[in-house]
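Asker: Sequence:
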Amino acid sequence: MNKLKMLNWAKDLFPIYRSITGIGTRKTLSYFEKINPELKRLKFKTGQKVFDWIIPKEWNINDSYIEHESGKRFAEFKKCNLHIVGYSSAINKKISKNKLLEHIYTQKNQRNAIPYVTSYYKQRWGFCMSENQKKKLPKGNYKVVIKSSLKKGTLDLSHAILKGKNKKEIFFTSYICHPSMANNELSGPVLLNKIMQYVKLNYPNRKYTYRFVLAPETIGAIAYLSKFIKILKSNVICGFNLTMVGDERAYSYTSSRKGNTIADDAMKSALMGLKNVKMYSFLDRYSDERQYCSPGIDLPLCSFSRSREYPEYHTDKDNFNVVTEKGLEGSFQVIKKIIDSIEMELYPKTKILAEPNLGKRGLYPTLSQKGNHNSIQVRMGLISQADGNTNIFKISQLLKKPINLICNEYKLLKSKKILK
Numbered sequence: 001m002n003k004l005k006m007l008n009w010a011k012d013l014f015p016i017y018r019s020i021t022g023i024g025t026r027k028t029l030s031y032f033e034k035i036n037p038e039l040k041r042l043k044f045k046t047g048q049k050v051f052d053w054i055i056p057k058e059w060n061i062n063d064s065y066i067e068h069e070s071g072k073r074f075a076e077f078k079k080c081n082l083h084i085v086g087y088s089s090a091i092n093k094k095i096s097k098n099k100l101l102e103h104i105y106t107q108k109n110q111r112n113a114i115p116y117v118t119s120y121y122k123q124r125w126g127f128c129m130s131e132n133q134k135k136k137l138p139k140g141n142y143k144v145v146i147k148s149s150l151k152k153g154t155l156d157l158s159h160a161i162l163k164g165k166n167k168k169e170i171f172f173t174s175y176i177c178h179p180s181m182a183n184n185e186l187s188g189p190v191l192l193n194k195i196m197q198y199v200k201l202n203y204p205n206r207k208y209t210y211r212f213v214l215a216p217e218t219i220g221a222i223a224y225l226s227k228f229i230k231i232l233k234s235n236v237i238c239g240f241n242l243t244m245v246g247d248e249r250a251y252s253y254t255s256s257r258k259g260n261t262i263a264d265d266a267m268k269s270a271l272m273g274l275k276n277v278k279m280y281s282f283l284d285r286y287s288d289e290r291q292y293c294s295p296g297i298d299l300p301l302c303s304f305s306r307s308r309e310y311p312e313y314h315t316d317k318d319n320f321n322v323v324t325e326k327g328l329e330g331s332f333q334v335i336k337k338i339i340d341s342i343e344m345e346l347y348p349k350t351k352i353l354a355e356p357n358l359g360k361r362g363l364y365p366t367l368s369q370k371g372n373h374n375s376i377q378v379r380m381g382l383i384s385q386a387d388g389n390t391n392i393f394k395i396s397q398l399l400k401k402p403i404n405l406i407c408n409e410y411k412l413l414k415s416k417k418i419l420k
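So in this note's numbering, the last spot in the sequence shown is 420, and the numbers never skip.
Since the hints were made in silico from the structure, they are not lab data.
In this text, all values refer to a predicted model and were calculated from it rather than measured experimentally.
For glycine and all other residues, C-beta sits at the position ideal for the given N, C-alpha and C.
It is possible that some hints are incorrect.
[Claimed, not checked] Derived Cβ-Cβ restraints for the label pairs, each shown as a range:
(1) M344 with K163: 15 to 21 Å
(2) L283 with K165: 33 to 39 Å
(3) K200 with Y347: 22 to 28 Å
(4) Y198 with E102: 48 to 54 Å
(5) Y198 with Q397: 20 to 26 Å
[Stated by the list, open to error] Here are the computed lysine-lysine pairs in the DSS-like style, where the Cα-Cα straight-line distance is at most 30 Å:
(6) K94 with K11
(7) K163 with K45
(8) K165 with K414
(9) K268 with K417
(10) K135 with K147
(11) K394 with K207
(12) K94 with K78
(13) K336 with K40
(14) K99 with K139
(15) K108 with K122
(16) K400 with K336
(17) K40 with K5
(18) K258 with K394
(19) K411 with K337
(20) K27 with K317
(21) K168 with K227
(22) K401 with K258
(23) K233 with K394
Generate coordinates for the entire structure from the input sequences, incorporating the hints supplied.
Answerer: Structure (structure tokens):
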């Protein structure tokens, strides 16, 4: 598959302003629905109750800026869409510099960065700029202009279900609610769409059903759960939240709430042997695993990232210096290993009682001497754990061997009619 596709998709979508509702989010969903037509749109109306939450009014913005009395403009939305505080109320008025400063947000520990700030559930207006830009604002009076609207509308998301022979599901989700930030926003959705393409192309007669969801973070996940909680709890056996998967600096995994699901086993196994792997407890949760793993829901889902913590996060510096082709491809290879393993055999089982005679099948050294059995330890270890109840990722962890090595041994043993 074309490695550049994901990066090109992200670059196409980067200029679009997205929020938890609005035109930009719908444009983004439409873009992915053309790539994978199986994605179907779902809408939740303003005022609709979803568990303990209410779907908010739809917010859209056309332009915003600060204009000095000299005519010079600052914090122009059309130059950088992070200049506006998300969900800002419309305004067009003249104010003093002191009053203006009450509505300007900066990241003081990153003086050259424009921060990403939102106010979804309390009406206010504001602008974001770098601390250095703020310090250079001239004395005098200003006009502040925000051309936005807040009215009844919809919260939009898309999902797809690729049916398999088994109704049990492998679940992938990512969010589509941030403006122009490459890693925090776009890396997850583009990876999800490549995964969908991979499953369709390589597993047309797949064993398992695959579910894919693109939704606004938090409120979108809650809305989706409110509609599909019964089927998700019944069918999902393994799920992954994909977020910030585009850089090359690390590989990160945040566990499910219980920490012992197939998803946890799969991610630990797939990350084995990679450099700079960071593992986080569910106590450090930060994305939609908060919803999918919450008590009473408890889907077997964990989160996968490259660098979960990075200095460019939630600033205008989160761009294509952070997200790279190599970074995205590295993430894809991790998920690919998981899918390939699941579709090969999730629960290996021996067909032979007691240890099989590997020697007569050419699978065991004919000369027994101390030190020459190391090469078959994985083979014997796999057989010893293949009870039909222990998943292949757990076996990988028990043997402390990468999942691709375990899979190669499984294929060999299956071909010799030792495992099924």
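Asker: Of all the hints given earlier, name the ones this structure violates by number, lowest first.
Answerer: As far as the earlier hints go, only 6 is violated by this structure.
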